[in-house]
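Residue numbers (the numbering used here), protein chains in the order written: chain A, 1 to 107; chain B, 1 to 822.
Hints were generated in silico from the structure; no laboratory data involved. For clarity, every value in this text was computed on a predicted model and none was experimentally measured. Every residue, glycine too, gets a C-beta built ideally from N, C-alpha and C. Watch out, some of these pointers could steer you wrong.
[Said to hold, decoys possible] Pulled from the structure, derived: some chain A residues nowhere near chain B, Cβ distances all over 10 Å:
(1) Trp34
(2) Asp50
(3) Ala54
(4) Ala70
(5) Ser71
(6) Gly80
[Claimed, not checked] With the C-beta cut set under 7 Å, the calculated list includes, among others, these residues of chain B facing chain A:
(7) Lys509
(8) Ile541
(9) Pro662
(10) Asn664
(11) Pro778
(12) His780
(13) Asp786
(14) Leu787
(15) Gly789
[To be verified] If you want the footprint, here are the derived chain B segments under chain A, 3+ residues with CB under 8 Å:
(16) 203-211
(17) 532-539
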Amino acid sequence: MIEVCAVDDVPLGEGRAATVAQRRIAIFHADSGWYALEDGCPHLGGPLSDGILADHCVVCPLHDRRFDLASGEALTDGEGVTAHRVEVRGDRVCVELAPARALASAA
Amino acid sequence: MSSEGIAIVGGGIAGQSLCEAVIGRDPDARVTLVCAEEHLPYDRVRLSEILVSGEGPEGLQLRPEEWYADNRVEILSGRWVEALDAQRAELTLDGGERRSFASVALCTGSRPLMPPIPGLDLPGVVPFRGPEDCEMIRRAAGEGARVAVIGGGLLGLEAAYGVASRGCAVTVVHLMDRLMERQLDAGAAAMLQPAIEALGVEVLLERQTECVLGDERATGLRFAGGEELEADLIVVSIGITPEKALAQSAGLEVKRGIVVDDRLKTSADRVLAVGECAEHRGTVYGLVAPIYDQARVAAVTLTDAESDETYNGSLQWAKLKVMGVDLVSIGSAEGPQEAVTANAEGPLYRKLVLADGRAAGAVLLGDVRGTEALLDAIRCDDEVADPLERLAAAAAATAADLPDGAQICDCNGVCKGDLVAAVREQGAGSAREVMALTRAGTGCGSCKPMVKEVVAEATGGAAEEPAFLCPCKRQTREELARRIGEEGHTAVSDVTAACGTGRECGLCKPALAYLVSEVNDNRHREERSARYINDRVHANIQNDGTFSVVPRMYGGVTTPDQLRRIADAAERYEARMVKVTGGQRIDLLGVAKEDLPAIWRDIGMPSGHAYAKAIRTVKTCVGTDFCRFGIGDSIDLGVRMEREWEGLHTPAKVKSGVSGCPRNCAEATVKDIGAVAVEGGWQLRIAGAAGGTVREADVLATLETADELLRLATVFLQYYREHADHKERMYDFVPRIGLEEIRAVVTDERRSAELLERFRIAKAAAAAKDPWLERDEPYHPRQFEDLDGAGGRAMGELVGPPEDADEGAVPALVGPPEDGER
Ligand code: SRM
Ligand SMILES: Cc1cc2nc3c(=O)[nH]c(=O)nc-3n(C[C@H](O)[C@H](O)[C@H](O)COP(=O)(O)OP(=O)(O)OC[C@H]3O[C@@H](n4cnc5c(N)ncnc54)[C@H](O)[C@@H]3O)c2cc1C
Ligand code: SF4
Ligand code: FES
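The following block holds chain B by itself, in its conformation from the complex (with noise of 0.2 Å):
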């Protein structure tokens, strides 16, 4: 290796993920990376999410500062290559300095295509590409504005779905008689488009866009044939075109791009090009994936001048990343052999293609399961017999069935064989250090499912991480309460004081607030100030920093003198609005703290805990009362086990259903904690969840009488208070701690009667005081208020300098600051 070093030019994902391939193979490699760019390199595919948020780049950043310096990297940001003299592998960078090196890597990107069209410079036109575009879409594209977004592929549409969810009123126009056509078959393409429309967006489709209408600004456009659009923005996206200009000056060959062989070599022996800017055997490519492929060969050319590892070439695959929109394309879209299962309804369409017998292509649209087994097979060109069933099949693999090469995290390009290795040969334990080692799921999230599979089987099911129960103290829930039990620690500070680092990072409080609160049996010395905010409350704050009010409503039923007293309150204290929740409960939202007090006063109901990691609703059906299949008397049992239940805390929340026949009207197999009566019985379902993660509810016992499902189901709950990790929800914990052990406990006599003894005691504590009586005795005079109207004097009025105060601070209402201590 020479001691000249290694340049990168350029610090997007190309740039980035060449310089960590070096670095893999020989820590000891010195690397300059040059980026024109302010920012450190950031992760440019999940560019729309800031388009979404208002975020500034940082979020996105691949990694940290201390990173480069971590590995000697020398980073150049904000700093333009000028000129390349490839003989020497000499670069002069901006301002006229020279630096040679032992080789350089070209990672220039690419940049948007503007088409030759009038008015394209106007203010008001934007391409899509970079931070900087974000944020002035996000200026341009306020509440109501009307955006027209040129392109309908990929990324146009991920434009347009951007800035429809802020709310503009949003006009795709594309060119051709389809969306995406370069990556779907007409038939996806067609429903695409009523999924796109669905988001609010509007298509229009073989418009060709003559002119940007405006003078000043930009106010429209006008399509071949003289049809008119009005816009207020116009996002172009109709491509991109390689950054190869510094290349050409420099001699070397290029076409479309900057031509490369199989080692990534450049016409000049010292010069590589890799990423958007390269041309590989005729193709540029302009997606993630084939970036990673072409920076591991590199970084062998780059270290190893012996190695013969090539490049052949990558597979194409995208996958659009519009919510409510599942789209996977893979390789060909259209070949000599096709099978198709499709369901216009759906929407529904997920094609394979075929050549030559062997995996070519696919496309998923509504349901993308098998993307990885599917990618897989098409990058070997597997033999496909009959390919409806390899489709089927694809769909219900598991990370067992796949093969080492298969990619997980597109994100960061991780396949299953390194994460298996993470757990292996770097001794991971768990998917959070598996995680942390490999950078899977740590982009967009959405392989975090599949990351856990596979380290579950990578582990052989072994037990998860040592979680912490937060970082700054580094050490579990189990640690902790062992000491808060022996050591008898009361409350949040004592905690604090004796366990830990003494520091505190504030996002563990609430944690450590139910742990005591919890090994205590909730008579524990209560400290406010550990708990967040809606349990300082009682209710539960929303983004404008108005609160809702959810009363408790045993079992869904209400009666006519409720309802009036919370319409009452509902119109006296201007609630913003007044819903029926998905809980089976009535929700006042948009009130202000100081009134909560009195609307509690008024409803004269309990709390409902809607706010809280505790014990929430119980929703039934009408069961045997009502309904002519019912068979047990569901509104009955739900109101007893919300009424036994009510007041407690738990480690994140608990959702209960009870149904009154296997028709499950009540959803009770997507909850918590279920019931199901069923001939003869009742069956006790633990675990189900139908949120961000869906799961059908365990069967853990069928009993006779609704008595023996309340006790069993209490015992449960309890050894769940004392056994999962803070949030940790009940489709996490009975997973992680394995059905069978939970039921050898909850039916050993001895443990379970233990278990119910402890529940009674926290029970009896928790039950005695409902948090909304503090209406009447709050636990400090300001609790529900601000400090508007607080203090001797009306606030704003100025004081004059303190009586002892030696210079004499001049009072300054609002101003200029004194410059500091002159």
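The shape of chain A in the complex, shown without the other chains (with noise of 0.2 Å):
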């Protein structure tokens, strides 16, 4: 688990991005909890933590796609984006990497 911020750092119903271990995910403070996506949305890599939160999705500010903010499935058209968990310790906010989605293979 890698501590990423305080609870009071995103305003609720709001996502923030942050940089850890060199990867860019975005943080969501949601009604119903926190959760952690990839940052980039696989469309053109809009920033999803600048997207509007509604109760169990994110939806990107650059052309409205739409994730599960749990599993980082795509509601709309096209992939998905990489879920990491998420844990609040006290008043702060930590992460599990999950390692990277395989890029689709370019043979």
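Reassemble the complex: the two chains are provided individually, in unrelated frames, and hints are given to aid placement.
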């Protein structure tokens, strides 16, 4: 687990980007809890951390693709994003990075 | 109907539309669709979209997965039919499984034609036919790559445009002496070439490719005569050849394609063929429109043994899908009698071809208005006395002039009659519903305006949709507004909790945020989390996640001091570009989110709201202050307008313009709200547009003084704020409500006074806070910052397992997952 921020650092209902172990991830503070996804939208790299949160998903700010907060699964067309495990310990928010998604083999 | 069902081999547009036509005629039909491709049937015609966007073919899918289950269609994707026993209508699938049916329809389409040129099998040479080709082209065609496209026909040009828009240097190599010789005459082709070249595509005509150069990979082309062309990627698009192997080995009659009769039957009674694989009366079609005609008749043949409905061939016509080059070719491009209107500079070329005094073909380049009307005339062999007059009349045709058979949506083969039937027989009341029922307008979207026009005509111009503010709530703007008012909701979360299903989709939050603020006259509880990122940081997010800053410059007027401060800030914060905008403001593009507060502080000007659905710019001309023609003080009125309205959010953006005389240098007649000084007063124009839609503004009133104009315009603005749907620009709103209705409201003494009163309350609350002042009082300490540098420890530092952890999760930086629970 890697500590990323304090619970007060992300306003309720919003997301923020963080660099953890050289990877850009988005930390979300939703009504239903904390979530973390890879920050770059698989479409054209939009910052999901700047997206609008609904109760179970985030909407990419560039072209409105939607992703499930818990699994990273795409709820609209295309690929999903990697989801990371988040844990709140006291007033600290920690994540455990999942391995990066294997890139579609470019054979 | 036999219980054995119908097998369709091939899930292209032909297979899918036949499947739909069969089910449309007999909802109990059992259809099995075998598609060799892994994807569900998709729209091949729109393939070049994914060449440009890089998305997968899912977005082009013709029907969602549930559709097949709902209609009990058995779909076998990724399966290949290896053999056909035509007498028994039996298929052998890959793997050896055999299935027999009542009948079989072959919709095997075609393969790209590859010429017998040495080197064509080298890596780096691709055809342009399927999603995998697009993927390959995309991967090889990075910015700066040199690409050669062999073939200057419809598809070759489309491929060239696709790769050119990815930043490649593209050369089209064509064998003939003009582009698209199959569809165009020499005159149109001569005008098409410069238009294509203007897109940055080089065109080489009369080049016969002798071989592909390169050992490991293609490195270029050699032409007959020895000339060479270097290229990193070679796209081959010289034509197609019908996929008839299956039919051939089954012993069916084949020539160029699989031979079919007028009922689309092959030489075997229980086997039909439809689409690009079929040859009917000597013709093999390579376009989609004939496929719909064929599928319709084939479905009749399959479901009604007694029917004598026949297919009599289709008119060939095509539209070039290259942005910025409008081109349509219908039927014969040349004939015994021709009428042409042309303008080389335009480029504009419109031609109608007659044979025996009847419409036989047309070519439209540059201005394709009237396509539907001409198509219909040519399809019906209309007698034409004066072809020039007919060309002009076609351009002016409206929905009402079109006959029922006129095709409106080319992507999905939907005619005007189908749209009208959706309204009259299926009870659709709005364009949106009609589009959902008929699928018109769901392809490339270019026919949407015509669909709307036809629907308006069919409904007698009756009220448009009950447009739900958002599908997740199934409530209209009016219903929600009423409940917000009556139940006293002051924040988006209250509305979400009280109305609808409680579940939210995320897409409607900004619409609700506006509604809550509007109904509460801006004395609502602001929840920033319901706002789009632009409205959380008061700047416009850009493709790379940076932002742009556009300070307000009332009426487009600035001062040396402001310019100096803008220049300094641009340098200090390394704006990637400083640009004069189309709205007479200055834009600092490409700045970092965390620099926004400091930039605003240094510039010291108010927000221009260029990022919001709000009052935007008021564009002005120099007017009486300087201009020798000026008859009204346009700068003064423009600045007053902008000050009067600034800071207000609106359903969609509102842009204005004020011109000091009818020469209209501020383009006020294509603005949402425009004012034009005329002899003796001011004209108030509303609902103009010059973006994606172009519309000349309506004259709402002519007033004697600027004060009167400002008052009436404000009343109208407030009426719009209260009644328009989310994202509904004035150019849609005013025609929906009707100009007369609006005029009646805004000139009614009592109603206009009420509107003004509510405007003042809303404005007072809005004007109290320029959003850029949040630089000093952010709503949250991290309003503009990400988390790098947050937290007590350095980012990426490990922390141990929590004290109470039972298993003791292994701290891992990056690395393989611990495989779940184990
Ligand atoms: C900056 C500017 C282009 C420029 O460099 O000149 C611009 C930039 C954008 N325009 Fe525009 N428009 C700009 C003038 C215009 C104009 C001309 C004008 O304002 O006089 C038009 C035609 C008039 C109109 O509004 O219809 C215009 C019609 C559009 C449209 C099409 C609207 C329509 O209904 O047809 C969009 C898309 C939309 O709103 O959904 C759009 C959307 C956009 C967005 C905001 C795209 C987006 O949604 O993110 C662009 C932001 C770029 C960026 O990253 O910052 N922009 N855009 C202009 C800023 C004007 C200003 O000073 O505030
Ligand atoms: C990039 C591009 C742009 C185009 N633009 C236009 C346009 O603007 N206007 C226009 O009118 N036309 C256009 N066309 C042409 C149009 O797309 C075709 O006419 C149409 O898609 C052909 O449909 P089809 O179903 O007959 O054939 P196909 O789409 O080729 O479908 C045949 C399917 O059958 C499958 N199949 C074949 N044999 C077997 C077997 N033995 N077992 C199982 N499956 C099998 C194939 O894999 C394939 O999926 C365009 C084509 C391309 C490639
Ligand atoms: S026209 Fe407007 S929306 Fe389109 S790219 Fe230019 S700035 Fe962006
Ligand atoms: S970048 Fe996310 S939807 Fe386009």
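*Outcome, coverage hint (the region 532-539 of chain B, chain A; C-beta under 8 Å; three residues)*: holds (count 3)
key: Restraint satisfaction for Ile541/B [CB to CB of chain A, less than 7 Å]   = Given a least distance of 5 Å, the restraint on Ile541/B holds.
Per-residue hint verdict: His780/B, partner chain A, C-beta under 7 Å
This hint holds: His780/B lies near chain A, its Cβ roughly 4 Å from the closest one there, short of 7 Å.
**Asked** Would Asp50/A pass as off the interface with chain B, using Cβ distances and a cut of 10 Å?
**Response** Answer for Asp50/A: violated, closest chain B Cβ roughly 4 Å.
For the restraint on Asp786/B, tell me whether the closest CB of chain A is nearer than 7 Å. Since the shortest Cβ distance to chain A is 4 Å, the answer is holds.
Distal placement of Ala70/A relative to chain B, Cβ over 10 Å:
holds, 15 Å
- Task: Compute the least Cβ-Cβ separation between Ser71/A and chain B, then decide whether it is above 10 Å.
- Result: holds, 14 Å
- If you take the shortest Cβ to Cβ gap from Pro662/B to chain A, is it below 7 Å? This hint is violated: Pro662/B lies away from chain A, its Cβ roughly 41 Å from the closest one there, beyond 7 Å.
Could you check that no beta carbon of chain B comes within 10 Å of the beta carbon of Trp34/A? holds, 12 Å
Is the shortest C-beta separation between Asn664/B and chain A less than 7 Å?
violated, 36 Å
Original post:
Does Pro778/B meet its interface restraint, that is, does its C-beta lie within less than 7 Å of any C-beta in chain A?
Top reply: Because about 10 Å separates Pro778/B from the closest Cβ in chain A, which is outside the 7 Å limit, the hint is violated.
For Ala54/A, which was marked as not at the interface, is the minimum beta-carbon distance to chain B over 10 Å? Non-interface label fails for Ala54/A: nearest chain B Cβ at 3 Å, not farther than 10 Å.
Checked against the numbered hints given earlier, the structure breaks hints 2, 3, 9, 10, 11, 15 and 16 and satisfies all the rest.
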